[in-house]
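Undergrad: Residue numbers (my numbering), protein chains in the order written: chain A, 64 to 356; chain B, 64 to 356.
Possibly wrong hints are sitting among the right ones.
Given that identical chains are not distinguished, each listed pair holds provided it fits within a single copy or across any two copies.
[What the hints assert, rightly or not] Simulated pairs of lysine to aspartate or glutamate, DMTMM-like, Cα-Cα distance not exceeding 20 Å:
no. : residue 1 : residue 2
1   : Lys-82    : Glu-120
2   : Lys-243   : Asp-260
3   : Lys-243   : Asp-217
4   : Lys-93    : Glu-78
5   : Lys-277   : Asp-302
6   : Lys-287   : Asp-316
7   : Lys-93    : Asp-150
8   : Lys-287   : Asp-318
9   : Lys-93    : Asp-152
10  : Lys-287   : Asp-260
11  : Lys-277   : Asp-260
12  : Lys-70    : Glu-120
13  : Lys-277   : Glu-301
14  : Lys-243   : Glu-212
If you're looking for bench data, these hints aren't it; they were derived computationally from the structure.
2 protein chains.
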Amino acid sequence: MQLIDGKHVAATIRERIAKQVEQIIAAGGKRPHLAGVLVGHDGGSESYMASKVKACEQCGFTSSLIRHDSDVSQETLLQTISALNNDPDVDGFIVQLPLPRHIDEQRIIEAIDPRKDVDGFHPINVGRLSIGLPCFRSATPAGIMMLLEHYQIDTRGKHCVVVGRSNIVGKPIATLMLQKATPGNATVTVCHSATPDIAAITRQADILIAALGKPHFVSADMVKPGAVVIDVGTTRVEDPTSPRGWRLRGDVDFDNVAPMCSYITPVPGGVGPMTIVSLMHNTLLAATRQIYP
Amino acid sequence: MQLIDGKHVAATIRERIAKQVEQIIAAGGKRPHLAGVLVGHDGGSESYMASKVKACEQCGFTSSLIRHDSDVSQETLLQTISALNNDPDVDGFIVQLPLPRHIDEQRIIEAIDPRKDVDGFHPINVGRLSIGLPCFRSATPAGIMMLLEHYQIDTRGKHCVVVGRSNIVGKPIATLMLQKATPGNATVTVCHSATPDIAAITRQADILIAALGKPHFVSADMVKPGAVVIDVGTTRVEDPTSPRGWRLRGDVDFDNVAPMCSYITPVPGGVGPMTIVSLMHNTLLAATRQIYP
Numbered sequence: 064m065q066l067i068d069g070k071h072v073a074a075t076i077r078e079r080i081a082k083q084v085e086q087i088i089a090a091g092g093k094r095p096h097l098a099g100v101l102v103g104h105d106g107g108s109e110s111y112m113a114s115k116v117k118a119c120e121q122c123g124f125t126s127s128l129i130r131h132d133s134d135v136s137q138e139t140l141l142q143t144i145s146a147l148n149n150d151p152d153v154d155g156f157i158v159q160l161p162l163p164r165h166i167d168e169q170r171i172i173e174a175i176d177p178r179k180d181v182d183g184f185h186p187i188n189v190g191r192l193s194i195g196l197p198c199f200r201s202a203t204p205a206g207i208m209m210l211l212e213h214y215q216i217d218t219r220g221k222h223c224v225v226v227g228r229s230n231i232v233g234k235p236i237a238t239l240m241l242q243k244a245t246p247g248n249a250t251v252t253v254c255h256s257a258t259p260d261i262a263a264i265t266r267q268a269d270i271l272i273a274a275l276g277k278p279h280f281v282s283a284d285m286v287k288p289g290a291v292v293i294d295v296g297t298t299r300v301e302d303p304t305s306p307r308g309w310r311l312r313g314d315v316d317f318d319n320v321a322p323m324c325s326y327i328t329p330v331p332g333g334v335g336p337m338t339i340v341s342l343m344h345n346t347l348l349a350a351t352r353q354i355y356p
Numbered sequence: 064m065q066l067i068d069g070k071h072v073a074a075t076i077r078e079r080i081a082k083q084v085e086q087i088i089a090a091g092g093k094r095p096h097l098a099g100v101l102v103g104h105d106g107g108s109e110s111y112m113a114s115k116v117k118a119c120e121q122c123g124f125t126s127s128l129i130r131h132d133s134d135v136s137q138e139t140l141l142q143t144i145s146a147l148n149n150d151p152d153v154d155g156f157i158v159q160l161p162l163p164r165h166i167d168e169q170r171i172i173e174a175i176d177p178r179k180d181v182d183g184f185h186p187i188n189v190g191r192l193s194i195g196l197p198c199f200r201s202a203t204p205a206g207i208m209m210l211l212e213h214y215q216i217d218t219r220g221k222h223c224v225v226v227g228r229s230n231i232v233g234k235p236i237a238t239l240m241l242q243k244a245t246p247g248n249a250t251v252t253v254c255h256s257a258t259p260d261i262a263a264i265t266r267q268a269d270i271l272i273a274a275l276g277k278p279h280f281v282s283a284d285m286v287k288p289g290a291v292v293i294d295v296g297t298t299r300v301e302d303p304t305s306p307r308g309w310r311l312r313g314d315v316d317f318d319n320v321a322p323m324c325s326y327i328t329p330v331p332g333g334v335g336p337m338t339i340v341s342l343m344h345n346t347l348l349a350a351t352r353q354i355y356p
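Here chain A stands alone, though its shape is the one from the complex (with noise of 0.2 Å):
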């Protein structure tokens, strides 16, 4: 068994990135720019973010941070949005989500210019990633691409099975491994809460990705012997050991499954860090007008 490790994956592409960005201001270039709106403090929020801060920091980013209260309307952040389109300094933003119920979430990624749209989830991206066109992938998929493709884990005609089928995990990761591309042109079976007998299915997984966000619902005898098992899941438990009285857990029975596996990755260090690098990549992606000239 092999551990994915994500956290040196993403310090390898962050450093990547980095000489990317020295090259850029050697050639005279423009520093890329991440803004990111954050509604509210919440503290999920207020972490993801501080995290995409210092990443932008480790690459040479620019970043700024826009904050509103958790009454703001929705008529100021579309202010706010409007006015990072049109700011010729900003190459990308994100707006941190979940937002406030009162404020129309879709409609906020809508406002989203598609070429600042670096979390991937205007329709126009999201279409064109299933058309299989140049678009900025969705950050948490697109980091198990890099992870796959960092360990040349072959995916050619393997089944893939996807357990989750959110439109910011399970969807996008089911289309990029269905495409004709390396890594990629698996045969691919998503799972969900109407699936009757989802250990069934996943037991015929030669890559099995778990995106379900239940802790530790993959147990071992879901699983086929020798599969890659991508872990997505997230979710903080209590952990009175902990400083922080919680920890990561992810949707996979690490100590019981990772014995029966060829790669598998741990929670936290194995998505997570390729979630935040992807963005990172989007960004220099967006400033260089590699997706969008």
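Mind docking chain B on chain A? Use the hints.
TA: Same frame as chain A, but now just chain B:
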């Protein structure tokens, strides 16, 4: 075994659309208008376009056809599209595919105003389909969903296997069958040319959708007894006994597969007629601004 009579279902839906058009006219509204752009004189394209014009008549739509020679420049074609985008009388329009090689097909598709893109090929409509938002659904997958709905075929939690991953059938039908909706909510597998043992996958299908364009590819030993089989194939094969010299052949070996099925679509008369009526349905949605206000 019950035969899924696409011709009958299409006629029923066409009548329903025609009634709605009568009501619109009676209320002083505008007659829905579908325009088509036809480049060159390919036999298949000519006949598809003729069927669409006929369906418009049956639904009470205005139809118009803009013809270009096969050596039309991309610039001229883009001008035609721009004119249709800006023509307030045109509710929706289609550009018959395939286009000659010197034309960038994707560029043409993306030039169509998504609000008039009744073929549902623009990335915005593809993306909205994936996200689960209101959109113009690609006609063939939408037609299949109408058939499943008409025959009240239970899809929830069923294993739906799609053979083929084209942008206009395989991917969007997989997306639709996956959505938390009725019909839909199925466990979905997509297999394709890189799948090593397609039969091992198709034999698990409660619902099998064949959309690969290989005549009689699906043989009886590839089908689970009691399965629902949807045949999207329409390959022209030579037939000297036919007055046209050819006939349509599906992807399924109908004679041998049909006796094992709970439901099956014939070719012709199954999915084919539904594709055109889906386009009419989309045009009505466009005319009544039900997708994009």
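Undergrad: Next, verify each hint and record whether it holds.
TA: For each hint, the structure was consulted:
| no. | hint | result |
| --- | --- | --- |
| 1 | Lys-82 to Glu-120 | within (13 Å within a copy, 62 Å between copies) |
| 2 | Lys-243 to Asp-260 | between (29 Å within a copy, 17 Å between copies) |
| 3 | Lys-243 to Asp-217 | within (13 Å within a copy, 31 Å between copies) |
| 4 | Lys-93 to Glu-78 | within (18 Å within a copy, 60 Å between copies) |
| 5 | Lys-277 to Asp-302 | within (17 Å within a copy, 56 Å between copies) |
| 6 | Lys-287 to Asp-316 | within (14 Å within a copy, 34 Å between copies) |
| 7 | Lys-93 to Asp-150 | within (14 Å within a copy, 42 Å between copies) |
| 8 | Lys-287 to Asp-318 | within (15 Å within a copy, 37 Å between copies) |
| 9 | Lys-93 to Asp-152 | within (8 Å within a copy, 46 Å between copies) |
| 10 | Lys-287 to Asp-260 | both (15 Å within a copy, 18 Å between copies) |
| 11 | Lys-277 to Asp-260 | within (16 Å within a copy, 32 Å between copies) |
| 12 | Lys-70 to Glu-120 | within (17 Å within a copy, 62 Å between copies) |
| 13 | Lys-277 to Glu-301 | within (14 Å within a copy, 55 Å between copies) |
| 14 | Lys-243 to Glu-212 | within (15 Å within a copy, 32 Å between copies) |
The structure shown violates none of the earlier numbered hints.
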